[in-house]
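Asker: Dock chain to chain to rebuild the complex, using the hints, since each chain is given by itself in its own frame.
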Amino acid sequence: AQTVTQSQPEMSVQEAETVTLSCTYDTSESDYYLFWYKQPPSRQMILVIRQEAYKQQNATENRFSVNFQKAAKSFSLKISDSQLGDAAMYFCAYGSGAGSYQLTFGKGTKLSVIP
Amino acid sequence: SQTIHQWPATLVQPVGSPLSLECTVEGTSNPNLYWYRQAAGRGLQLLFYSVGIGQISSEVPQNLSASRPQDRQFILSSKKLLLSDSGFYLCAWSSQPNQPQHFGDGTRLSIL
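Chains as they are written, first to last, in our numbering: chain A, 1 to 115; chain B, 1 to 112.
By construction, these hints were calculated from the structure, which means they are not laboratory data. The beta carbon of each residue, even a glycine, is placed where N, CA and C say it ideally should be. There may be inaccurate statements among the hints.
Derived DEER-like restraints, expressed as beta-carbon distance ranges [unchecked claim]:
hint : chain 1 : residue 1 : chain 2 : residue 2 : range
1    : A       : PRO41     : B       : SER95     : 37 to 47 Å
2    : B       : THR10     : A       : SER112    : 43 to 53 Å
3    : A       : LYS70     : B       : GLN45     : 39 to 49 Å
4    : A       : ASP26     : B       : ALA39     : 21 to 31 Å
5    : A       : LYS110    : B       : GLN45     : 11 to 21 Å
6    : A       : ILE114    : B       : GLY54     : 28 to 38 Å
7    : B       : VAL60     : A       : GLU15     : 38 to 48 Å
8    : A       : GLN56     : B       : LEU83     : 42 to 52 Å
9    : B       : GLN45     : A       : SER28     : 34 to 44 Å
Here chain B stands alone, though its shape is the one from the complex (with noise of 0.2 Å):
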């Protein structure tokens, strides 16, 4: 069966601060990859997907960046994080676009 892990789970982290937060796919091949935002009360809010190995769709202009150097592995990076980069960040994989989207457990992400 297939499973997606994500971590750290929380994260602490000062402004101007860099980022990682990785997510990998097990069980399956050549999935495709998102990345959520999902802000206190708000609904999930995409910030970017990928359909194969280095390819990257950005859906909302920021500071933050994605990439895919394995086939199940998914990065989001930002060089210098700002306040309003706080949220909580959700990992998905679909195997096809419409089928459905299975997310990890998250990361809590608080900017001080």
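Just chain A, with the same shape it has in the complex (with noise of 0.2 Å):
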């Protein structure tokens, strides 16, 4: 079964300031899709970036970027020029490539805008 590790439960950055958050995965599978999710206080679950696993290129939509390294198993999201709007969970997420409807999520990482 696929695991989802998120290793760090708080991050906090400055306003304007660039953070990484850190997400790395198990699988035996070759094919299969990534993805972040944020969750404000608000609570719903907003899509930030998708990445498959077949393609090298990163992600990339528009402050919000992803590092994919598919031999370490590791899909980090990079949020560039931070706003106070950045605040709120975020959750990495994993989908099989063999038509698992099932996403796999980990525990999320809260993230604190310093003004």
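Answerer: Structural data, given as structure tokens:
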């Protein structure tokens, strides 16, 4: 079974600075998908970014980018120019490429943004 | 555009009472639908998913059940709630497996 580990329960960053959230996963599959979700205090889960394992190029969405290291099974999220609205819980998630409907989530990292 | 609605937003129920949480999706047909539970300080646990009307797969055996009476309607139920059923329940949909799942606003369920 796949597992997703987020080793940083809490992180903080100064406004306008850059922060990197870590995620590692364990799998024997070669085809899979990885996601980062954001959950602000309002509790709604919002998709931040998606990465297909077969793509070598790291995904980017505006200020959010990932560092996908397939051999190391690492999928970190970099937030540039941090804003107060970035404060939230961030969850890393794994989806099997074998047509599985289940996403496996990490336990999350709580990000605080200091003005 | 697609939207997902989930209600109620909060619910306080006594132990042993029944439960019905509803989720509907608009703007798409034949979505894959999911129910998750999020305990305090933890990640999401998949409870049920459905790939079509009347088709329910359970990931975690418990006193909860799910039903899909219509294409875009997903209901989470219980006949008798337990204290351990407290938590934050999220409904989600996706167009296909491994496509991003889009979540509703969630229901905070407190059992007294």
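Asker: With reference to the structure, classify each hint as holding or not holding.
Answerer: So, going through the hints one by one against the coordinates:
At about 29 Å, the CB distance of A/PRO41 to B/SER95 disagrees with the hint of 37 to 47 Å. Taking 43 to 53 Å as the suggested C-beta distance range, the pair B/THR10 and A/SER112 does not conform, at roughly 25 Å. Remark: the range hint 39 to 49 Å for A/LYS70 to B/GLN45 is contradicted by a beta-carbon distance near 27 Å. Remark: the range hint 21 to 31 Å for A/ASP26 to B/ALA39 is upheld by a beta-carbon distance near 22 Å.
Our hint of 11 to 21 Å for A/LYS110 and B/GLN45 holds, since their Cβ atoms are close to 19 Å apart. Checked against the hint of 28 to 38 Å, the C-beta distance between A/ILE114 and B/GLY54 comes to roughly 51 Å, which is inconsistent with it. B/VAL60 and A/GLU15 have their C-beta atoms about 40 Å apart, which keeps the hinted 38 to 48 Å range intact. A hinted range of 42 to 52 Å holds for the C-beta pair A/GLN56 and B/LEU83, which are about 48 Å apart.
At about 22 Å, the CB distance of B/GLN45 to A/SER28 disagrees with the hint of 34 to 44 Å.
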